[in-house]
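Here our numbering is used: the first residue of the sequence shown is 2, the next is one more, and so on.
Some clues are possibly wrong.
[As the list claims (entries may be wrong)] What follows is a set of in silico ranges between Cβ atoms, one per label pair, in the way DEER data are often shown: (1) Lys128 x Asp35: 44 to 50 Å; (2) Leu85 x Pro54: 23 to 29 Å; (3) Arg38 x Glu87: 43 to 49 Å; (4) Glu39 x Tyr112: 17 to 23 Å; (5) Arg120 x Val81: 37 to 43 Å; (6) Glu39 x Lys82: 21 to 27 Å; (7) Glu87 x Val116: 42 to 48 Å; (8) Met12 x Ala36: 32 to 38 Å; (9) Glu109 x Ser53: 16 to 22 Å; (10) Glu84 x Gly40: 44 to 50 Å; (11) Glu39 x Val98: 19 to 25 Å; (12) Gly136 x Ala110: 46 to 52 Å; (13) Lys131 x Ala46: 30 to 36 Å.
In short, the hints are calculated from the structure, not lab data. Positions of the beta carbon are idealized from the N, C-alpha and C atoms, including for glycine.
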Amino acid sequence: MLMRTDPFREMDRIVQQLSATAGTWSKPSVMPMDAYREGDVYVIAFDLPGVSPEAVDIDVERNMLTVKAERRPVTQADSVKMELSERPLGVFSRQIVLADTLDTERIEADYEAGVLTLRIPIAERAKPRKISIGGESGRKQISS
2 MLMRTDPFRE
12 MDRIVQQLSA
22 TAGTWSKPSV
32 MPMDAYREGD
42 VYVIAFDLPG
52 VSPEAVDIDV
62 ERNMLTVKAE
72 RRPVTQADSV
82 KMELSERPLG
92 VFSRQIVLAD
102 TLDTERIEAD
112 YEAGVLTLRI
122 PIAERAKPRK
132 ISIGGESGRK
142 QISS
């Protein structure tokens, strides 16, 4: 069997292994995310491949959203000899300050195919509305 080697790639991998440490609860690694608005809902999607839903912790305190997850190593038999290990293990975390215009009481969370998706509705008080003006000349409406 022929194998192509790249000494620089091997050196990068070794340096990453030596310098990168797994995240811990006191110093977690960052997890990648996307955030976007879909109509009247704000959507945040976190990449957590290989993490079981039971290992994900979602908290909201006032307007601070905290997501923590832990990827543990797979237990292997004594006869297994690891040849290459590049998937990060440990604790991953992300904190996001949510705007006051979001309804944190109605957050929905789904986890599918390694992606945690949070859907946060826009609060009713933040949606545009019409305001009536009363007075002597009659009522007029102004759009806001």
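Results of checking the hints against the structure:
1. Taking 44 to 50 Å as the suggested C-beta distance range, the pair Lys128 and Asp35 does not conform, at roughly 24 Å.
2. About 27 Å separates the C-beta atoms of Leu85 and Pro54, a value consistent with the hinted range of 23 to 29 Å.
3. At about 35 Å, the CB distance of Arg38 to Glu87 disagrees with the hint of 43 to 49 Å.
4. Taking the beta carbon of each, Glu39 and Tyr112 are about 18 Å apart, inside 17 to 23 Å as hinted.
5. Hint check: Arg120 to Val81, Cβ distance near 40 Å, so the stated range 37 to 43 Å holds.
6. Under the hint 21 to 27 Å, the C-beta atoms of Glu39 and Lys82, about 47 Å apart, miss the expected range.
7. A beta carbon spacing of about 20 Å between Glu87 and Val116 contradicts the range 42 to 48 Å that was offered as a hint.
8. In this structure the supplied range 32 to 38 Å holds for Met12 paired with Ala36, their Cβ-Cβ distance being about 36 Å.
9. At about 20 Å, the beta-carbon gap between Glu109 and Ser53 stays in the expected band of 16 to 22 Å.
10. Distance hint check for Glu84 and Gly40: the Cβ-Cβ separation is about 48 Å, which falls inside the suggested range of 44 to 50 Å.
11. Distance hint check for Glu39 and Val98: the Cβ-Cβ separation is about 20 Å, which falls inside the suggested range of 19 to 25 Å.
12. Against the hinted window of 46 to 52 Å, the Cβ-Cβ separation of Gly136 and Ala110 comes to about 48 Å, which satisfies the hint.
13. A C-beta distance of roughly 34 Å is found between Lys131 and Ala46, which places it inside the suggested range of 30 to 36 Å.
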